[in-house]
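Asks: Spelled out from the first residue to the last, the chains are:
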Amino acid sequence: MSEYNWQVFQTAIGQTFFIVSISVVVGGLLGLALGLVLYATRPGNLMANRPVFILLNILVNIVRPIPFVIFLVAIQPLMLASIGTTIGTNAVTFALSLSAAFAVSRIVEQNLVTVNPGVIEAARASGARPISILLTVLVPEALGPLILGYTFIFVAIVDMSAQAGLFGGGGIGDFAITYGSQRYDWPVVYISVAVMIAIVQAGQFLGNYLARKALRR
Amino acid sequence: MPQQSEVHVRLEGVTKTFPSAKRGAPAQEVLRGVDLEIRKGEIFGIIGQSGAGKSTLVRLINGLEKVTSGTLTVGQHTVSGLRESELREVRRDIGMIFQQFNLFRSRTVAGNVAYPLKVAGVPKAERDAKVARLLDFVGLLARAHDHPEQLSGGQQQRVGIARALATDPSLLLADEATSALDPETTQDVLNLLRQVNRELGITIVIITHEMDVIRSIADRVAVIDGGLVIESGSAYDIFNDPKTPEAQRFVGITLRDRPSAETLKRLRANHPGRLVTVRVQDRPGFQTTLSSAFLKRDVGAEIVFGGISELQERPVGSLTFVLNGNDTAIDAALSALREDDFAVEEV
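Read top to bottom, the protein sequences are chains P and Y. Using the UniProt record's numbering, the letters of the first sequence map in sequence onto residues 1 to 217. Using the UniProt record's numbering, the letters of the second sequence map in sequence onto residues 1 to 347.
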């Protein structure tokens with residue numbers, strides 16, 4: 001690769017890290033909140049609220065099947081209203097955070113369901129508030145599987161971040177296409193792929209390690 | 001024995017109906033009008049088969065389930081009328097232990113015991129001291145930093161008990177607390193519960209399907225069947241003289257003092273004569289009076305089945321005799337005994 005390509009590549013790696021890390025954190029937190037509300041409001045659960053549950057459930061079901069590229073286009077009015085632009089790294093990060101939040105919400109909800117209802121009962125019998133049970137009992141009890149779920153989402157976000165180039169968001173995926181495949185410069189493609197694989201491997205390794213620690217295995 | 005007769009928990013016409021799981025299916029009527037009085041400082045046993053409604057009953061007491069109709073009071077609080085936020089206050093005065101222990105896997109032994117104190121907003125230093133005292137009380141101070149899965153079932157239930165006692169409750173609810181334990185560990189845990197009752201003066205409501213549990217520690221008992229209390233009284237009275245078939249069945253399983261239908265058939269085949277079962281009574285010269293009633297009338301009486309054991313330091317059980325002799329003499333002996341308040345039953 002040429003000196004110039006290296007510079008662009010470094011910028012691209014930086015962009016990918018930016019997009020992925022912001023999306024994981026923002027999407028992760030939003031998704032956690034959404035997942036907790038989904039879990040808690042389900043009829044029969046801690047804060048059972050049928051209308052809220054049905055509304056959120058349908059919303060999540062509507063958003064989740066939309067392919068990310070389409071989602072990026074579809075939420076352009078929302079993007080414009082909230083961050084003032086529909087292209088660039090920030091715009092892509094905004095869309096990716098939102099999309100990830102919906103995916104995360106299902107992962108959170110599914111993992112909370114596996115927590116033994118007996119411990120929730122024990123916490124209620126101790127006089128704990130529902131919100132405190134959610135945060136100090138349910139989340140810690142499901143932590144191991146939750147970490148694995150978040151790791152899965154991390155990989156999916158790295159995957160989706162490769163589409164950032166379509167909307168001027170840059171990143172490694174964009175670099176591989178613009179500087180690699182479109183110029184028949186295969187080393188650029190392979191080096192990009194290698195870096196993506198390295199990022200995914202590192203994330204998966206860290207996730208597995210943390211999950212093992214949480215599960216004490 | 002209850003120290004005072006002040007009522008701690010009172011149920012009046014309590015019913016509980018769960019809405020049907022499927023649309024169109026009938027609602028599930030789990031409790032159909034329960035009246036109960038649990039006194040301060042006693043160990044009150046509630047026994048029934050699975051599905052009798054006893055687990056639901058105990059969950060009504062701390063408001064984990066809501067009463068459908070009727071009144072339920074715990075101390076000064078009318079639990080049946082409280083909102084969830086008010087119930088949380090009441091629950092701090094009611095400890096609860098569970099069949100599957102329900103410990104938090106994400107916390108250490110000490111962390112589990114500390115949880116209710118955290119919920120109650122107790123400062124850390126005070127919390128730590130309290131946790132150490134409680135773990136010492138249940139004999140697990142050395143395991144404070146272990147996680148629940150590193151402990152045996154009996155030890156886990158001890159942690160459960162320490163956690164339930166953390167906020168100094170006046171009432172402890174035990175939901176099948178020993179059903180997941182082996183017989184030896186069961187006795188250990190029951191002994192600990194008795195210690196909790198005697199030393200700390202905590203009222204205990206224990207739900208079980210095992211009459212042995214009732215026999216070991218309960219002062220008074222209610223037998224529940226089909227969502228109703230069908231019999232209640234002191235543990236001794238229930239064991240000594242169970243009135244309903246359900247109570248008789250539970251007592252029979254534990255005492256094994258009455259011959260089963262099959263044993264009876266064998267006894268009849270092996271012993272010509274009339275078979276009678278006499279309930280053991282706590283009276284001076286019980287056996288002397290009994291045997292002389294037969295001897296006097298030249299009736300041969302031989303014990304062929306039975307058992308005597310002790311409950312609350314008084315004898316319980318029954319003896320089955322085969323009687324040989326003149327029919328009129330036997331009838332005379334039996335009616336003389338009945339007149340003397342012996343519980344005699346020809347089988």
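Among the hints, a few may not be true.
[Claimed, not checked] Quick partial rundown of chain Y residues pointing at chain P, CB under 8 Å, derived from the structure:
1. Tyr115
2. Pro116
3. Lys124
4. Ser152
Just so you know, these hints were derived from the structure itself, not from any lab. The beta-carbon is built from N, C-alpha and C at its ideal position, and this holds for glycine as well.
Asks: Does each hint fit the structure? Answer for all of them.
Replies: Structure-based check of all given hints:
1. Tyr115: holds (6 Å)
2. Pro116: Given a least distance of 4 Å, the restraint on Y/Pro116 holds.
3. Lys124: violated (15 Å)
4. Ser152: violated (18 Å)
In this structure, the hints that do not hold are numbers 3, 4, in rising order.
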